[in-house]
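**Student:** Each chain, written out:
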Amino acid sequence: MSIENLSTVYFEAMSAPPKYPLRFLRWFCREDSLDEIEGDLTEVFLKQSATAPRKAKWNFGWSVIKYFRPEFIKQFKQQPNTYGMYKSYFKISLRQLIKNKTFSVINISVLTLGFSCFLLLSLYLHDELSFDMFHRDANTIYRITQQERQDNGTLRNISSVAPTIGKEVREQFPEVEDMVRLSAFGRVTLGNDPTNRTHERALSADANFFTFFDFPLVEGDAKTALKEPFTIVVSETIKEKYFGAGAALGKQIWSGLRRAGQPVYLTVSGVMKNFPKNSHLQMDILFSEATWHSLYNDYTQYVTTEWVDTEYTTYLKIKPQSNTALLSTRIEALVKNNYPADREFRSSFTLQPLRKIHTNSSQLESAAEQFNVNSIKPFYLYTFAALGFVLLLTACLNYMNLSTAMAIKRTREIGTRKTLGAPKNQMVVQFITDSVLFSLLSLLLSVGLAYLVLPWINVFTNKEISISSLPFEWLVMVVAVILSVGILAALYPAFIATRVSIVDALKREIKIGGSSLSVRKALLVMQFAISVMMIASTLIIYQQLNYLREKDLGFSHENLVVIDVNSRNLRRNFETVKSEFGKPAEVLRVAASTRVPGEWKSFPVATTKSNQNTMGSEMIFVGIDRDFLETYKIKLLAGRTIEDPVADSLKIVVTQLAVEQLGLTDPIGQVVEIPRVRYGERMEELDTPFRVEIIGVVENFYFESLHRKQLPVIFGALNTAIQVIDYYTLQINTSNWNNTLETLKAINHKIDPDTPLEYTFLDARFEEMYLADARRGQIFLVLSIIVVIIASLGLFALVSYSVESRLKEIGVRKVMGASVSSIVALISKEFLVLVIIAGAIGLPIAGYYMQSWLQEFAYHIPFGVLVFAEALLITLVIAFITIGVRTARAAVLNPVNSLRSE
Amino acid sequence: MTQHSLGEFEELVLLMVAAQHDEAYGVTILEGLEEKIKKKVNISAVHVALKRMEDKGFVKSRFGGITEDRGGRRKKFYVITALGKKCWIHSMI
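Just so you know, the protein sequences line up as chains A and B, in that order. If you're matching positions, the first sequence starts at 1 in this note's numbering and goes up one per residue. If you're matching positions, the second sequence starts at 1 in this note's numbering and goes up one per residue.
Misleading hints may appear alongside valid ones.
Stated by the list, open to error - Here are the in silico distance ranges between beta carbons for each label pair:
id: 1; chain 1: B; residue 1: Gly57; chain 2: A; residue 2: Arg412; range: 52 to 58 Å
id: 2; chain 1: B; residue 1: Ile66; chain 2: A; residue 2: Lys74; range: 43 to 49 Å
id: 3; chain 1: B; residue 1: Thr67; chain 2: A; residue 2: Arg69; range: 43 to 49 Å
id: 4; chain 1: B; residue 1: Thr67; chain 2: A; residue 2: Val503; range: 51 to 57 Å
id: 5; chain 1: A; residue 1: Phe472; chain 2: B; residue 2: Thr67; range: 51 to 57 Å
id: 6; chain 1: B; residue 1: Ile66; chain 2: A; residue 2: Val503; range: 31 to 37 Å
id: 7; chain 1: A; residue 1: Ser484; chain 2: B; residue 2: Gly57; range: 55 to 61 Å
id: 8; chain 1: A; residue 1: Ala386; chain 2: B; residue 2: Gly72; range: 56 to 62 Å
id: 9; chain 1: B; residue 1: Lys85; chain 2: A; residue 2: Phe24; range: 46 to 52 Å
id: 10; chain 1: B; residue 1: Ala19; chain 2: A; residue 2: Lys74; range: 55 to 61 Å
What the hints assert, rightly or not - Think about it this way: if two alpha-carbon atoms lie no more than 20 Å apart in a straight line, the pair counts; the simulated DMTMM-like pairs of lysine to aspartate or glutamate are:
id: 11; chain 1: A; residue 1: Lys55; chain 2: B; residue 2: Glu31
id: 12; chain 1: A; residue 1: Lys47; chain 2: B; residue 2: Asp69
id: 13; chain 1: A; residue 1: Lys47; chain 2: B; residue 2: Glu35
id: 14; chain 1: A; residue 1: Lys223; chain 2: A; residue 2: Asp151
id: 15; chain 1: A; residue 1: Lys55; chain 2: B; residue 2: Glu34
id: 16; chain 1: A; residue 1: Lys47; chain 2: B; residue 2: Glu54
id: 17; chain 1: B; residue 1: Lys60; chain 2: A; residue 2: Asp32
id: 18; chain 1: A; residue 1: Lys74; chain 2: B; residue 2: Glu54
id: 19; chain 1: A; residue 1: Lys635; chain 2: A; residue 2: Glu673
id: 20; chain 1: B; residue 1: Lys60; chain 2: A; residue 2: Glu704
id: 21; chain 1: A; residue 1: Lys57; chain 2: B; residue 2: Asp69
id: 22; chain 1: A; residue 1: Lys635; chain 2: A; residue 2: Glu704
id: 23; chain 1: A; residue 1: Lys251; chain 2: A; residue 2: Asp178
id: 24; chain 1: B; residue 1: Lys56; chain 2: A; residue 2: Glu704
Because the hints were derived from the structure by calculation, they are not lab data. In this text the structure is predicted, and so the values were computed from the model without any measurement. Virtual Cβ for every residue (Gly too), placed ideally from N, Cα, C.
Only chain B is shown next, with the shape it has when bound in the complex (with noise of 0.2 Å):
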């Protein structure tokens, strides 16, 4: 099962993920996590464990529309796959 391990961070952020269905992007994550477990957390970590759970196949993404207040950089969306869930719940047991 080390292909499709889930470490807890990873599962933090892939919760957050599920919660904030096709909404979900980096800040919001962060902001989600920052306020939920009460701690400061660097973006650059939210992105890799995304990145990550992403090559996995845990997590599935698409690019959001040109908005002008990022820079005119597009957002990324992620939403939680099958086997995201599946493994996910397999790490609860």
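Next comes chain A alone, as it looks inside the complex (with noise of 0.2 Å):
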């Protein structure tokens, strides 16, 4: 081509008339006015083009527009009726829908079923992943957490620091621009009425808490609430409690703190909206900081002063862009350069972003529950999302089947079709519209279904969910995921239904058989791999949960009620006190004891030191009295136990784990070192070293959650130097629990008229440990029921139609002298061999899984074959069962019938 032509064809393409007016145009206007029309606003353009090109083009499509007028519009209602054939469509669905009521029903249900659970899974997801995100700064704000190196060189993971390193940081690095502390300090006694007080759990915090996040005030300043000494900003609940329903702002409201001998008064300042279920942190009642350096003396040089403490919990708000990375390896020197001279320093600290708070803190210890509210895995968040897409899977699945099944039923209206001249797609577009009404009249059912279980589920989750509380964008996705696996899901019956020959399909030839049957075989085989993955993990979980209700624990917890001690004169002679609560009859026998199992305290954890073992092993600490062993049945095996607190104030009884631990063969009379103690967050070297003597070996028991590896454990007397008392446990043995707790009351009160009588019961607090997996493991369950429904109604739909169709041959059968046993056995091999082949595909996933999430406790089930073995069996016979049915209603019916058909 040479240049001129290059340049005529550059200077037509420049000059053609703009392209989408013209093709509107061409669209909407009738043909014979078409010609003049273009024509002329053809050459009209080229004039105005050599002139002013551009002006040309808006001139041009101004015109198109300008004739868009009843005139020149063609009249598109005289085409070809595509309108009416869409309606035709519509109405064979309708009409299929209504003619095939049992699988119409069987469809609808198990759609149903798939869209509610994912669309229900996914409000629980996007509840999980919206954690937090509620605040303004949601995405700059940054909580430091500390990670320390241990003695035996494992590293401890905490969520607070000390509490000048905030202010330090705030005050010396500028793209940190706000910065917020939160502390624990246990529970507080609260209320005006002297018979009706409460322990709260209470935190306090910075000045700047309300402006830092945004929780919202009812009443009260957010900028000042915080301010003033003595002031507490309290939670709806709480103000509802103790105020009633008017406003609570300015009252007051006694305490069991004490300033000068006397009772402090506390003013509300605040009242806060109860926080959302999806925050992290979690509390009712915040003190001002200034009330503590108000109340204690030395508390402003502490919090100025202390680097080693980790007891504030620490909020950062950061410019954004700015280098976290950097940031924390500034704090980390920052932090080093004031450490005190006396103290190695082996800590890092690392800055944790708001948004992954809720799902990245399971390995952290925190200074108090209200820190970390229902933190969860990531894994269990993935292990929903798989499910909702299993569970979407398996009704679409199920649907094609169904459906595959249906076209080779509805041969003959192909046929006609076919021979009436409908081209390819029309047979697809029919399926197609099948499967949209399916879907939509599924889609509109599970949202209904929803609404109607989403109650519940909150109940059960203790959540906020709601409908509505999904953004546009995931509700989009979510209703666009669910159509277009509908659609697809109709893809695969088209295609079968386009490939019958017109012949065949008028003759009704068509026989299950080929390429067809075997997809729809692999498609039954898909379903079952996840029936019988899901059946083998439900299993698995729930003999995990039952191992962790039923291990032998090592020591009893039932009928126990523990008493905490809250004040001076249940702490000072505990002798007095014992014999006091041990009066009434039905108590057999109360022990006093620093700790109890399943604490909620945490424990103070001992460095020992052996001869054998001079690097020292971490052991919990519990101090105890005389009784305490026979109290919980913890089985002494040798030695003695503590007898009397002040004569054995430097012996111990051991556990058989810690006699391993310390390399002892012979413990009892050893003598054995503990340099320093950690309670919590804080350590503390002693300043002698402790060194005590064994007396006694009990056998091994676990106190704690069994998700987490138990620490040996070490029996001291009361009030060493290591902890004071503070629990009295309770044997008691009464049919009438409300009496009993009522007398309790009574004692409690003439020992202490102030402070009120705190008791858990032990067996409570044990189940509450596995609290969390028991309700996973019942969603596993109900999931895991759905699913199985949803494989057994395909199955069940699969065979009805093999069955039907092989009628005549169930007949001859009879005729020749089969028997309705032989019979059923005939049709039922062959789909219990495809279950054991789905068993085959699904059982080493489930055995995957089900591996790792074992990981998760410490001590948990052997993972056996027999589980596996045992939810095979099931899936076999919940499919026998199901073929059985239908197979056998067909081996019954009296030959002359399916004969005579013909």
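Hints given; two lone chains; assemble the complex.
**Tutor:** Okay, here's the thing in structure tokens:
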């Protein structure tokens, strides 16, 4: 092509009328006017574009719009009537739906089940992922976490740091825009009415808490609420409890705090809306930091000089685009420089983004449970997401399977259509219309179903999920996934239908056979593989939960009531208190101790050294009195227990595990050394190492949740250097718990009129440890039942199709003398083989998955083959019942009926 | 006479058709009009007027041959009919 030509082409391209207006004109304009209009427009355009090309284009477009008027618009309705065709597709889909009632009911209910599970799981996942995102600055807020290397080389990961760190970081580093610290101090007794006081968990926060986070206040000013000493901000629930319905701002409340011997009255400076459930922070009472500065003389010095204690959960607001990795190394350098000279610095710091706190905190120790509420491991999120898709998949596989079977039944319709000249894509459209109809109906039903079950789910999972809480994009995405999967499911049956030859179709001679059957069998195998997988997983989960519940913990936690010591009166003269509590006939035994099993305060952990173990091992230290071992039914293997708190103050009783770790062969009489003790977050060197003699050995027991590896335990005397008495444990034998509790309350009131009795049932406490696991187990159970139902319905439909098309064969067999059972066996056999194949696929996957789940527990059931055999057996039985019911009905039919139908 | 009424713009277009006898089509009419009345006219207005007058029988049309320069579209030439002339004269009275 010459240069001249090129330039002409270029010129023509430049001067061609604009494409889209032209296309639009050609689309709507009447054929008989098009020549004139387009010709004239082009001519005008060409003339104009020689002088003003841009204007010409605009003019062209504008003129085209002006032609869009009745005189020039073609009569679309008299085109071949596609609208009518769609109407016909729809009508036929609807008629099919009504004609095959069983098929339609099965199909719609299965799709509805699948869709609603998917919808609900999406809602659940969205809720988990939206944790803490309601704060305006959610993306720039970080929490400082500390990693501290331990004596034995392991890392302790803590979500709180020393009080000075936050303050200094805020002042020294310009990228830190704001900082807030929270600390927990256990519980405070509250109540103006002396007979109705309770202990409430409380936190304290820096004054800027309510401007840092976006927790709304119902009463009070966010800027000043936490400024003054002796002020508290309470949640609506707490306000209701102590002040009733009216406003509480400025009101005073008695507290168990003391100042110069007098009770402190606190002023309510704000009422906060109850925290949303999707917040990792959950709290009801918040003290102003200023309170402690006024109450304790050395507090100000403590918070400005302490660099070691890890008691303050510290949040930073960082300028966008700051380098957080760099900031954390700078924090590390800062702390290192200020660390007390006599202590070895072995920590590093990380900034944990706010949005990751909910899903990434399971490895973190925190100063109090209010700081990481309902933290979930990503493992479970992936599991639930996978389950949602698996359910959607099974529902769609089922739909594909059934519609393919139906497509073959509809051969006469297909044949007629083809004879009348229907092109291939018309058949496809017919099937897609079917599928869209089913999908839409099921989608509507599933939204309704989700609405109905959501309240239960909210109670069950302790969440506040509603369909409207799903943001628009998520909703669109969920609906799009559901619908597109529904439509995709129609493609396979459509493909089968289009391949049918007209003659065969009209003769109704298409046999199920060939590729269509093998594909449907493959679909069924997939469904059952998923079912087997779910059944096996559910079995393992329940076995593990049972194991946790039934495991011999080495002590008894039944019929034990634990009384929390909250006041000096109860702590002093423990012998008298013990005998007071022991007076009622129902109380069999009373023991005093510093800690109890299933502890909710943290156990003090003593580093213990022996001659054989000079490095030292961490062991839980619990102070007990002489009744403790008997109350808890802990077996003494050798030696004796602590008898007198004074005489035995330098004696200890240890577990077998402790003996093992200390490397002792003959433990009784050996002396061990305790150089330091860790109280939750705080490590304390003892001024003079605590040297104690072992006087007894007890059997191993499990004091904590079996999620964690158990530490060995040392029992010492009460009121040692390590810990003071904190609990009484009452062994009780009663038929009327209410009366007994009233008696106990009365006794408590006599000893200490100021503080109410706080008690816990120990077995309930142990149940609670596995509550989250039990809940997940239940969710899994429900979902696997749904999967099995879906698969069984699919099997049922497939079997009934197979039976129907073989009615004559069955008739002939019966005439020849076959028994009902042999016919049932004949048909069942081929399907049961499929289930076994499904097992071979599904079980290894379940095995792999469950193995990683069991790793969550330090103590778990052995991983056996038996449970998989059980799962397969259950699936086979379910499949056999499904098949049997349908085939037996066909097999008992009188062969006369089936053979006469010709 | 509603059927045979003649609007003002229609009248102008009819005159142009009469003036450019047998050579009148959309673009020439448009240019002629713009020249005479010294105003911008949109081509669609001309086409609407022509169409209405053709329906009323004031003008009749024939198609020209295919030429390259209008995107391969034929021209539609108009001539005034006897009825058209009568109606125009009538409207003048």
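**Student:** Could you run down the list of hints and mark each one as holding or not?
**Tutor:** Tested hints:
Under the hint 52 to 58 Å, the C-beta atoms of Gly57/B and Arg412/A, about 56 Å apart, fit the expected range. At about 22 Å, the CB distance of Ile66/B to Lys74/A disagrees with the hint of 43 to 49 Å. The hinted window of 43 to 49 Å between Thr67/B and Arg69/A is violated, with their beta carbons roughly 27 Å apart. Separation of Thr67/B from Val503/A is about 54 Å and conforms to the stated range, judged on CB atoms against 51 to 57 Å.
Range check, Phe472/A to Thr67/B: about 55 Å between beta-carbon atoms, so the 51 to 57 Å window is met. Separated by about 49 Å at the C-beta atoms, Ile66/B and Val503/A break the suggested range of 31 to 37 Å. A hinted range of 55 to 61 Å holds for the C-beta pair Ser484/A and Gly57/B, which are about 57 Å apart. Remark: the range hint 56 to 62 Å for Ala386/A to Gly72/B is upheld by a beta-carbon distance near 60 Å.
Between Lys85/B and Phe24/A the Cβ separation comes to about 38 Å, which falls outside the hinted range of 46 to 52 Å. For the hinted restraint 55 to 61 Å between Ala19/B and Lys74/A, the CB-CB distance of approximately 32 Å leaves it violated. The hinted pair formed by Lys55/A and Glu31/B meets the criterion: a straight-line CA distance of about 18 Å does not exceed 20 Å. For a cut-off of 20 Å, the pair hint linking Lys47/A to Asp69/B stands: about 11 Å separates their Cα positions.
Using a Cα cut-off of 20 Å, the hinted pair Lys47/A and Glu35/B holds, with the two alpha carbons roughly 16 Å apart. Taking the CA atoms of Lys223/A and Asp151/A, the gap is about 44 Å. The hint is violated against a cut of 20 Å. Distance hint between Lys55/A and Glu34/B is fulfilled; the C-alpha atoms sit about 18 Å from each other, no more than 20 Å. Simply put, Lys47/A and Glu54/B have alpha-carbon atoms about 27 Å apart, too far for the 20 Å limit, and the pair is violated.
Under the criterion of a C-alpha separation no larger than 20 Å, the hint pairing Lys60/B with Asp32/A is consistent with the structure, at around 14 Å. Between Lys74/A and Glu54/B the alpha-carbon distance is near 18 Å, which keeps this suggested pair within the 20 Å criterion. Under the criterion of a C-alpha separation no larger than 20 Å, the hint pairing Lys635/A with Glu673/A is inconsistent with the structure, at around 25 Å. A threshold of 20 Å between alpha carbons decides the hint, and for Lys60/B with Glu704/A the separation of about 102 Å lies outside it, so the pair is violated.
With a C-alpha separation of about 17 Å, the suggested pair Lys57/A and Asp69/B falls inside the 20 Å cut-off, and the hint holds. Distance hint between Lys635/A and Glu704/A is fulfilled; the C-alpha atoms sit about 18 Å from each other, no more than 20 Å. Distance restraint check for Lys251/A and Asp178/A: the Cα-Cα separation of roughly 31 Å exceeds the 20 Å cut-off, and the hinted pair is therefore not satisfied. With a C-alpha separation of about 100 Å, the suggested pair Lys56/B and Glu704/A falls outside the 20 Å cut-off, and the hint is violated.
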